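J.: In order, the protein sequence lines correspond to chains A and B.
Start counting the first sequence at 36; every next residue gets the next number (the numbering used here).
Start counting the second sequence at 3; every next residue gets the next number (the numbering used here).
Computed Cβ-Cβ distance ranges for the label pairs, DEER-style:
#1 A:D130 <-> B:P185: 46 to 54 Å
#2 A:A118 <-> B:G321: 17 to 25 Å
#3 B:G264 <-> A:S163: 55 to 63 Å
#4 B:G133 <-> A:I38: 54 to 62 Å
Derived from the structure by calculation, the hints contain no laboratory data.
These numbers come from a predicted model, not from an experiment.
Glycine included, C-beta positions come from ideal geometry on N, C-alpha and C.
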Amino acid sequence: MSIETPDNLRYSKEDEWARREGNRVTVGVTDYAQQQLGDVVFVELPEAGKVVDRGEPFGVIESVKAVADLFSPVGGEIVEVNAALSQTPESVNEDCYGDGWMVVIELADPSEYDGLLDAAAYGDFVKSRSD
Amino acid sequence: MSGLRETPLAALHRKLGARMVPFAGFDMPVQYESIKREHAAAREAAALFDVSHMGQLHLTGPHALAATERLVTCPVATLRIGRVRYGCLCNLEGGVVDDVTVYRLADEHFMLCVNAANVEKDYRWVVQHGGEADVRDRSTETALIAVQGPTSRSCVAAVAADPDLVASMKRFRCVEAELAGRPMMLSSTGYTGSDGFEIYCDAGDAERLWQALADAGGEPAGLGARDTLRLEAALPLYGHELDDTTSPLEAGLDRFVKREAGGFIGAEAIERRAREGHPRKLAGFVLEGRGIARAEYPIASQGETVGVVTSGAPSPTLGKSIGLGYVPPALAEIGARFDVVVRDRPIPAVVVQTPFYTAPGK
Chain A
36 MSIETPDNLR
46 YSKEDEWARR
56 EGNRVTVGVT
66 DYAQQQLGDV
76 VFVELPEAGK
86 VVDRGEPFGV
96 IESVKAVADL
106 FSPVGGEIVE
116 VNAALSQTPE
126 SVNEDCYGDG
136 WMVVIELADP
146 SEYDGLLDAA
156 AYGDFVKSRS
166 D
Chain B
3 MSGLRETPLA
13 ALHRKLGARM
23 VPFAGFDMPV
33 QYESIKREHA
43 AAREAAALFD
53 VSHMGQLHLT
63 GPHALAATER
73 LVTCPVATLR
83 IGRVRYGCLC
93 NLEGGVVDDV
103 TVYRLADEHF
113 MLCVNAANVE
123 KDYRWVVQHG
133 GEADVRDRST
143 ETALIAVQGP
153 TSRSCVAAVA
163 ADPDLVASMK
173 RFRCVEAELA
183 GRPMMLSSTG
193 YTGSDGFEIY
203 CDAGDAERLW
213 QALADAGGEP
223 AGLGARDTLR
233 LEAALPLYGH
243 ELDDTTSPLE
253 AGLDRFVKRE
263 AGGFIGAEAI
273 ERRAREGHPR
283 KLAGFVLEGR
293 GIARAEYPIA
303 SQGETVGVVT
313 SGAPSPTLGK
323 SIGLGYVPPA
333 LAEIGARFDV
343 VVRDRPIPAV
353 VVQTPFYTAP
363 GK
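Chain A with its partners taken away, still in its complex shape (with noise of 0.2 Å):
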C-alpha cells in the first residue's frame, strides 16, 4: 500500500493536509485517511463563517463501514465548504488533495500552520503507526 504525500502540503497527526495560500489554507484528509476509512459515503460539514481552534473536530467523514471526525489542522474562520462532497462524496477517495478538499480556513495565527508536518515528517509518521 503506497501512500501520497505531496511536497507542497503540510500535515496533521490527524490525517488532514493543509495548503496555504496567503492567509487562507485549504484542509482535506490525505491519502492515507481515505484508504484507512475505504469507500467514502457521506462527509458532514460546518456552515461557512463557524470558527475552529486548532485540534477541533469541524466535520464528520463516513465510510461503509467507519465514522470519523475530521479535525482542524489550524485555527480561525471557516472562509469556504466544498458542498459538492455531500452530491459526490467518493471525491474524497478518488482525489482527496483536489476535488476532495473539504473547507478554506482563514489563519488566525499564522505559526499554527507553520508547525505542522511537512511530507517527509508526516511519511515517517504514517509509517511509524503502521509498522
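Fit chain B to the given chain A structure using the hints.
T.: Frame of chain A, contents of chain B only:
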C-alpha cells in the same frame, strides 16, 4: 497482533493486500480494495468469503436426534439427510444462546454451524444439555469458504468433479462432493441474500479450494461486504440483533421456532413472553433524511428515546441508508415513523418490509 487466532487462509489474505482486523478473536480480512466493489460482486457475480472462523459442533450417536431436537428452535425430526435448517439455541429464559444452521449429515449425525464468538459458549451449552449424544467441536480442523452471487453456481461447478450435482442443487441442501480434487462438503446456504454456497473442507485444503474458486472467477470479499450484504437481506447478526436476553420472536424469527410442537429448551419462556407481550420488536427502516444509522444510535419518537439501532449502513445495492433496530411493537409496523438520532440530530426514518433486498427470482 498477539492473542489473535488465524484462519488457514490468513497468509493468503495478507498477500492479496487485505486489511486485517480483529473479529471474534480472529485476525480477519475486513476488505481487500473496496467494500462497495466486493458487495457488488456478491450481487452481480460471485464473491469469495473466508468464514473459517465460524465453528462446527457435531452431535453423533443414537441420542443425537433427540438432543438436537431439544437444543434448537427449528424442527429436527423432519429434517432429512442432506438438508439444512436455520434455528436458534435458546436458554431457559428464552434468550438466544446463538443462531445456527443445523445440518443432518446422516441418520445419527447432526452438525451445528455456529458463530465464531460463541463457539466455546455453545460447546459448553450443547455438552451440558445434549444428554448422552456424543459432542465434538471440529471448528479448528474445519475451514469454510462461502461463494455468493448469481454466478456462484458456475464458479463452484467449475471446480467440481461432478458439475451437474452443483447445477441441480436446491437451496438449503448439503452433500459430499469432490471439489478442487478433494473430498469436501458442499452446502447451498449463505449469509448474503444472494444465491450461493458454503463449502466445508479440511483446514489443509482451504488454500487449494480458494485458489481454484478464484481461478473460476470468484472475487475475494471481506467481512465489511459480508455485513452490508446480510443487512440488506435483513439477516440477524449475533451480538447486534440477537443476544442471551432476546427472544427469537422479538427478532421476528417466528418461522424458525416450532411454536406448536415445543419441546425445546426455552420453549415455555418464549411462549410466556409472547403471551405477556413483547416490549420491543425488531424493525427494518430506511432513513428519509441525510445521514447514516449506526449500531447503538438512539431511536426517538416525539423527542423521547424509545429504542436503539442494532445495525445500520448505507445500502450499496439500494443507494439508501438502511438499518435494523428495536422499538416498541406499535412502531415496528410497516409504515411507522420514528427518528434515528445521529450525532444529536433526529433524522426521520420509516419502517419498511424486510428483507430490504431480494435476489431476482427468489
